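My request is simple: use the sequences and hints to build the entire structure.
Chains as they are written, first to last, in this note's numbering: chain A, 396 to 902; chain B, 45 to 381; chain C, 238 to 565.
It should be emphasised that the hints constitute simulated quantities derived from the structure, not laboratory data. No experiment lies behind these values; they were computed from the predicted model shown. Be a bit skeptical, because a hint or two may be false.
To be verified - Taking lysine to any residue and the SDA-like style, the derived pairs with C-alpha atoms no more than 25 Å apart in a straight line are:
#1 Lys169/B to Leu725/A
#2 Lys513/A to Thr427/C
#3 Lys53/B to Glu366/B
#4 Lys392/C to Gly329/C
#5 Lys766/A to Lys233/B
#6 Lys505/A to Gly329/C
#7 Lys740/A to Gly305/C
#8 Lys633/A to Ile857/A
#9 Lys371/B to Ser409/A
#10 Lys740/A to Asn815/A
#11 Lys50/B to Asn797/A
#12 Lys362/B to Val444/C
#13 Lys446/A to Ala369/B
#14 Lys370/B to Val355/B
#15 Lys50/B to Gln793/A
Claimed, not checked - Beyond 10 Å from chain A on every Cβ pair, some chain B residues (computed):
#16 Asp94
#17 Val143
#18 Val228
To be verified - Examples of chain A residues lying across from chain C (beta carbon under 10 Å, computed):
#19 Gln472
#20 Ala474
#21 Tyr483
#22 Asn491
#23 Glu496
#24 Gly508
#25 Trp512
#26 Asp537
#27 Arg551
#28 Met712
#29 Leu714
Note that beta-carbon positions come from the ideal geometry of N, C-alpha and C, so glycine has one too.
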Amino acid sequence: MSGETALIQMSHISKTFPGVVALNDVQFTLQRGEIHALLGENGAGKSTLIKVLTGVEERNGGTILMDGEEISPRTPQEAQNVGISTVYQEVNLCPNLSVAENVYIGREPKKGGRIDWKTINQKSKELLARFDLHIDVTKNLDNYSVAVQQMVAIARAVDIDAKVLILDEPTSSLSTVEVEKLFDIMRMLKKQGLGVVFVTHFLDQVYEVTDTITVLRNGTYVGTYTTADLPRVQLVAKMIGKEYGDLNQRFISEKSVKATGEALLSLKDATSAGSIEGISLDIHKGDVLGLSGLLGSGRSEIVRLIFGVDHMSGGEMNLKGHKLHNKGTLAAIRSGFAFCPENRKTEGIVGDLSIRENIILALQAKRGMFKAISRADAQKIADEYIEKLEIKTPSADQLIRNLSGGNQQKVILARWLATNPDLLMLDEPTRGIDIGTKAEIQKLVVQLAEQGMAVIFISSEIDEMLRCCGRMIVLRDKKKVAELNGQEISEAAIMHYIAGGAENEPA
Amino acid sequence: MNRLKKLSKYQVFWPIVIFLLILLVNGIVSGGSFFEMRIVDGHLYSRIIDILRNGSKLMLLATGMTMVLATGGTDISVGSVMAISGAVACTIVAGGGNVAVAILVAILAGIVAGAWNGLLVSKIKIQPIVATMILMVAGRGIAQLITNGKIVTVNSDAYYFINGGYILGLPFPLFIVAFVVLLVMLFIKKTAFGLFLESTGVNPISSHFAGINVDRIKWMVYTFCGMMAAVAGLIESAGIKGADCNNAGLFIEMDAILAVAIGGTSLNGGRFSIPASLFGALIIQSITTSVYAMGVAPEITQVVKSIIVVVICLFQSKAFKESIAKKLNFRKAVKQA
Amino acid sequence: MNGQKAKKKFSIKNISLLITVVLFIVLFGAASVAYDNFFSFSTLFNLLNDNGYLIIASIGITFVLLTGGIDISIASTIAFTCVFSAFLLRMGVPPFVVIPLVLLIGLAFGALMGFMIHYYKLQPFIVTLAGQFFMRGMCAVISTESIPITNEFYKTMALSKITFLGGRIYFYVFIAVAVLIVALFVLKLTKFGRTVYAVGGNEQSAVLMGLPVARTKVSVYAISSFCAALAGVVFSFYTLAGNSLQNVGLELDAISSAVIGGTLLTGGVGNVIGTTVGVLIQGVIQTIVTYQNLNTWWTKVTIAGLLCVFIIIQRLIAIRAEKLKAAG
Numbered sequence: 396m397s398g399e400t401a402l403i404q405m406s407h408i409s410k411t412f413p414g415v416v417a418l419n420d421v422q423f424t425l426q427r428g429e430i431h432a433l434l435g436e437n438g439a440g441k442s443t444l445i446k447v448l449t450g451v452e453e454r455n456g457g458t459i460l461m462d463g464e465e466i467s468p469r470t471p472q473e474a475q476n477v478g479i480s481t482v483y484q485e486v487n488l489c490p491n492l493s494v495a496e497n498v499y500i501g502r503e504p505k506k507g508g509r510i511d512w513k514t515i516n517q518k519s520k521e522l523l524a525r526f527d528l529h530i531d532v533t534k535n536l537d538n539y540s541v542a543v544q545q546m547v548a549i550a551r552a553v554d555i556d557a558k559v560l561i562l563d564e565p566t567s568s569l570s571t572v573e574v575e576k577l578f579d580i581m582r583m584l585k586k587q588g589l590g591v592v593f594v595t596h597f598l599d600q601v602y603e604v605t606d607t608i609t610v611l612r613n614g615t616y617v618g619t620y621t622t623a624d625l626p627r628v629q630l631v632a633k634m635i636g637k638e639y640g641d642l643n644q645r646f647i648s649e650k651s652v653k654a655t656g657e658a659l660l661s662l663k664d665a666t667s668a669g670s671i672e673g674i675s676l677d678i679h680k681g682d683v684l685g686l687s688g689l690l691g692s693g694r695s696e697i698v699r700l701i702f703g704v705d706h707m708s709g710g711e712m713n714l715k716g717h718k719l720h721n722k723g724t725l726a727a728i729r730s731g732f733a734f735c736p737e738n739r740k741t742e743g744i745v746g747d748l749s750i751r752e753n754i755i756l757a758l759q760a761k762r763g764m765f766k767a768i769s770r771a772d773a774q775k776i777a778d779e780y781i782e783k784l785e786i787k788t789p790s791a792d793q794l795i796r797n798l799s800g801g802n803q804q805k806v807i808l809a810r811w812l813a814t815n816p817d818l819l820m821l822d823e824p825t826r827g828i829d830i831g832t833k834a835e836i837q838k839l840v841v842q843l844a845e846q847g848m849a850v851i852f853i854s855s856e857i858d859e860m861l862r863c864c865g866r867m868i869v870l871r872d873k874k875k876v877a878e879l880n881g882q883e884i885s886e887a888a889i890m891h892y893i894a895g896g897a898e899n900e901p902a
Numbered sequence: 045m046n047r048l049k050k051l052s053k054y055q056v057f058w059p060i061v062i063f064l065l066i067l068l069v070n071g072i073v074s075g076g077s078f079f080e081m082r083i084v085d086g087h088l089y090s091r092i093i094d095i096l097r098n099g100s101k102l103m104l105l106a107t108g109m110t111m112v113l114a115t116g117g118t119d120i121s122v123g124s125v126m127a128i129s130g131a132v133a134c135t136i137v138a139g140g141g142n143v144a145v146a147i148l149v150a151i152l153a154g155i156v157a158g159a160w161n162g163l164l165v166s167k168i169k170i171q172p173i174v175a176t177m178i179l180m181v182a183g184r185g186i187a188q189l190i191t192n193g194k195i196v197t198v199n200s201d202a203y204y205f206i207n208g209g210y211i212l213g214l215p216f217p218l219f220i221v222a223f224v225v226l227l228v229m230l231f232i233k234k235t236a237f238g239l240f241l242e243s244t245g246v247n248p249i250s251s252h253f254a255g256i257n258v259d260r261i262k263w264m265v266y267t268f269c270g271m272m273a274a275v276a277g278l279i280e281s282a283g284i285k286g287a288d289c290n291n292a293g294l295f296i297e298m299d300a301i302l303a304v305a306i307g308g309t310s311l312n313g314g315r316f317s318i319p320a321s322l323f324g325a326l327i328i329q330s331i332t333t334s335v336y337a338m339g340v341a342p343e344i345t346q347v348v349k350s351i352i353v354v355v356i357c358l359f360q361s362k363a364f365k366e367s368i369a370k371k372l373n374f375r376k377a378v379k380q381a
Numbered sequence: 238m239n240g241q242k243a244k245k246k247f248s249i250k251n252i253s254l255l256i257t258v259v260l261f262i263v264l265f266g267a268a269s270v271a272y273d274n275f276f277s278f279s280t281l282f283n284l285l286n287d288n289g290y291l292i293i294a295s296i297g298i299t300f301v302l303l304t305g306g307i308d309i310s311i312a313s314t315i316a317f318t319c320v321f322s323a324f325l326l327r328m329g330v331p332p333f334v335v336i337p338l339v340l341l342i343g344l345a346f347g348a349l350m351g352f353m354i355h356y357y358k359l360q361p362f363i364v365t366l367a368g369q370f371f372m373r374g375m376c377a378v379i380s381t382e383s384i385p386i387t388n389e390f391y392k393t394m395a396l397s398k399i400t401f402l403g404g405r406i407y408f409y410v411f412i413a414v415a416v417l418i419v420a421l422f423v424l425k426l427t428k429f430g431r432t433v434y435a436v437g438g439n440e441q442s443a444v445l446m447g448l449p450v451a452r453t454k455v456s457v458y459a460i461s462s463f464c465a466a467l468a469g470v471v472f473s474f475y476t477l478a479g480n481s482l483q484n485v486g487l488e489l490d491a492i493s494s495a496v497i498g499g500t501l502l503t504g505g506v507g508n509v510i511g512t513t514v515g516v517l518i519q520g521v522i523q524t525i526v527t528y529q530n531l532n533t534w535w536t537k538v539t540i541a542g543l544l545c546v547f548i549i550i551q552r553l554i555a556i557r558a559e560k561l562k563a564a565g
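Shown next as structure tokens:
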């Protein structure tokens, strides 16, 4: 970083939301022709920093220099105009418009004051061909898979005359081949002198493609490092602010396997149109069964099926040997099932209700509308779980939306524990939660299993799965590809099966 | 002072205060005659009783509307359902039918209408505004078809009693309101319905995942709202001693929504308070009555009401509050600089 | 697989317009068979003459519906325009002042509603419902009596027509045709038009793609109200009077036209040709009801029923598409 001005120089950036300091005196420097990883745990401030840079959020303090000149984009449009373009994790295109239009909307070529559709279709076809994407660009975007949509989004971002390209976790929906293709493109752009900001939570990808790493933690700047010089363990330590060894202890010491006797719940060839195919599994009391696989592999879909959210189109489900027809969530609750869904905000919490109401909600539903839980009983139940799960709140009257993510998750857990379930299903229960609470929840899962509850545990963090699960089912492409027990469970084994299993055995 | 602060936390607090203020202003303007009470033939007469009696329809509608709005929906068909109910009852009574039967059939018609709205909203998942707009427009047509396009007049003292009757010196509609509200409050208190309703309004997906039958809750409230509209329609038609399909309950949906909004229930769904909505209804009624008394053209109240609704919504809007706060801060900053 | 699915989807989109056109032809054909001297260009032209104003208003509301919003204030805006125009004309204000003025009021009123909806995140239905009452109230404030229009220019506009193929087309129909052409052009061939679709498809994406979402959302409500005001001007040519209670419930007619014409109420899909055919379908129903000598309320009931059927079909198609999607 000699006398040459950086492409982007963000310094002393701060951003507060009501009650939360999201960014505190953060700096970030992007050079021309580099791929720069922006890393940090959930809640570290990566997204906020990017939103500030792209004009989605207004910063409270600090300066942003681009090529040495101050910029203050207030909308994504203004950011685009100065040459900052972004691809987000969720595909941010319009499903009802054609592929070509999605590439060109907002900057359509014109002829005689009219949009020149011929050129748009022609040019976008050529552009996508550069990405090895040979599709009919005049068809609506929603005819294509999420991966294709994501590639279209990237093509759009690249084609906009950009100097800075921000990729905010664009790889979560892409296959390995597609990720490789994306990396090729990133390298090509780097050669052209673009600055690429790459946000991801896959460390492998960081080491494969990036030159520089900037780490944020809890809204503060930790440091900027050359990728090649930073060992992986140190990177993780910087991200979580703890020595890695602390976390790596296992809660199930001997991986007790109790898979004997009659199963509590068994699925036989369970199929749900478009999400899972022919899944068979058994779960016993005291099991912690992990469902491993990539997003969309069918891991969440299995639990949604068991809980009666999704419809089972084939196969059967037996509870303690009796056939079960899943008719909606209430029936599932009454069968002794409980389910913490993946999206806490949209599917878990009821934001404007109090902690007490959130806790008794499922129990009340289980009992039925006419057997109301009295206020005093509700208070008792709520207080009991607030204490047991160490939910940090002044009182049960607090609205749940005012709690932190971790405490919200605990309330949802309390909601289900209050129904005294036989089977607890947790889909990404620790996502977006601080490390301390994470460990508490993991410990709780193991404890519950020891007390005889059956638990299905889903997480995209393999470490966490290794720590909690006594048995594991690995899924790929909607099918079960392996079942691992006790000592067979290892990161290598799981990766092996997720990546392609026996068919492409590493040579 | 502290106690007052605590009281003011209740949703019903401000509506009551505003209502009392309006009464007070009326009392002062009228030089006290506003509060006069007379007993004639054992019937209590006073302006306040008038407001209560005339506001009874709106109170009933507000009760139903509160629940619909609590789910995050809306029902703009209540006026038309009133017309249907009046048309049904009057046609039966005018045809020589039993008044009790007429009332039952009219209420049943309201229930069917409400259930239809509920079906469209909960099962077919049509936006509430569009779903209920269908009945809003078609409903008056249906009422016209029932009465064959004529204004049906009835000649039955038993039927008139619904609006004009007195029990213990108080107008009969007040007893209807009291009965309905008591029943509803009891139902909400004694069952978990209130919790399920609020939960549904705040986050229907989470509620579904927690085992609440969201569709059924919605269906219930729309049906109930239709039933309330039918009862209000009976009172209205008993008041004019006939069924006027074109004008019965015309534009009243706005008043009903406004009553709930004044009561402080958010139009986005969630927390609700029926007592607060009742006072909201009384506030509207007292304003309307006062405006009449002052001799101002009643059409102006429509304009004023629409402005009040927008203002209330603005104050419930987070974005609005933030932009105001920003402006204030900016001004402060300028002053300091 | 992708290609196949795409084909299916594509045809579904065309089918909805096809259904609309077929429905129109079937209704018109059935009426022609049932009634003597129904089948003529004169009947067809009269559909345009009688529904010109509705075409304009429906095209306006289509813009709002395309963004996924709703506007239920248009009927009152039409009424207000008529009453206010009649009032001003009676006071002797010349038409070339009156017409631009009422159009401007419509535009500003819509923009104001759009502003509150977008910037303060109020629900469109509540704002436009308030707008509906405001405008209706303002009508009554001006006059609760019907005001006749005696202005020469208005009279000329009311009566000027061309005779063509045995039927008559009034001049004001051409205003509707002009609106249709402009709307077609704007929606298909301008940035603004495409942004309208983008906002309806996914508003958040549109923001992140750097499209001017705020301006677009405010504009569609302004356009809707402007078209309503224009429809009001045409309607005052048509009736030569301003009445505070006219066109109650017209917003449903306009919304039904759009929906019957293939506009999705969730936004993002639809076009103004479909909307126009939707209006004509309603016109045919109205004509049939008249021929049949039925209570005019049957029209409203039938149209509401038709709207219902179309919305349910839309829902079923959407559900099917979701399932197809899930099936990969």
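- Item | Beyond 10 Å from every chain A Cβ - status for valine 143/B | 34 Å, holds
- Is the hint on methionine 712/A kept, meaning its closest Cβ partner in chain C is under 10 Å away? Interface hint status for methionine 712/A: violated (19 Å vs cutoff 10 Å).
- Query: Can the restraint linking lysine 392/C and glycine 329/C be considered satisfied, given a maximum Cα separation of 25 Å?
  - Reply: The hint holds at about 15 Å.
- Proposed interface contact between tryptophan 512/A and chain C, which counts if any beta carbon pair is under 10 Å: 8 Å, holds
- Test the statement that aspartate 94/B is away from the interface with chain A: the closest C-beta pair must be farther apart than 10 Å. 38 Å, holds
- Task: Double-check arginine 551/A for me: the hint is only fine if its C-beta lies closer than 10 Å to a C-beta in chain C.
- Result: 8 Å, holds
- Query: Is it true that the CA of lysine 169/B sits at most 25 Å from the CA of leucine 725/A?
  - Reply: 20 Å, holds
- Pair hint lysine 362/B and valine 444/C, alpha-carbon separation not exceeding 25 Å: 20 Å, holds
- Query: Beyond 10 Å from chain A, beta-carbon-wise, is valine 228/B?
  - Reply: Holds, since 14 Å exceeds 10 Å.
- Message: Given the hinted pair lysine 50/B and glutamine 793/A, is their Cα-Cα distance within 25 Å?
- Response: With Cα atoms ~16 Å apart, lysine 50/B and glutamine 793/A stay inside 25 Å; holds.
- Task: For the pair we were handed, lysine 370/B and valine 355/B, check the Cα-Cα distance against 25 Å.
- Result: The hint holds at about 19 Å.
- Given pair status - asparagine 815/A, lysine 740/A, alpha carbons within 25 Å: 23 Å, holds
The structure is inconsistent with the numbered hints 6, 28, 29, although it conforms to all the rest.
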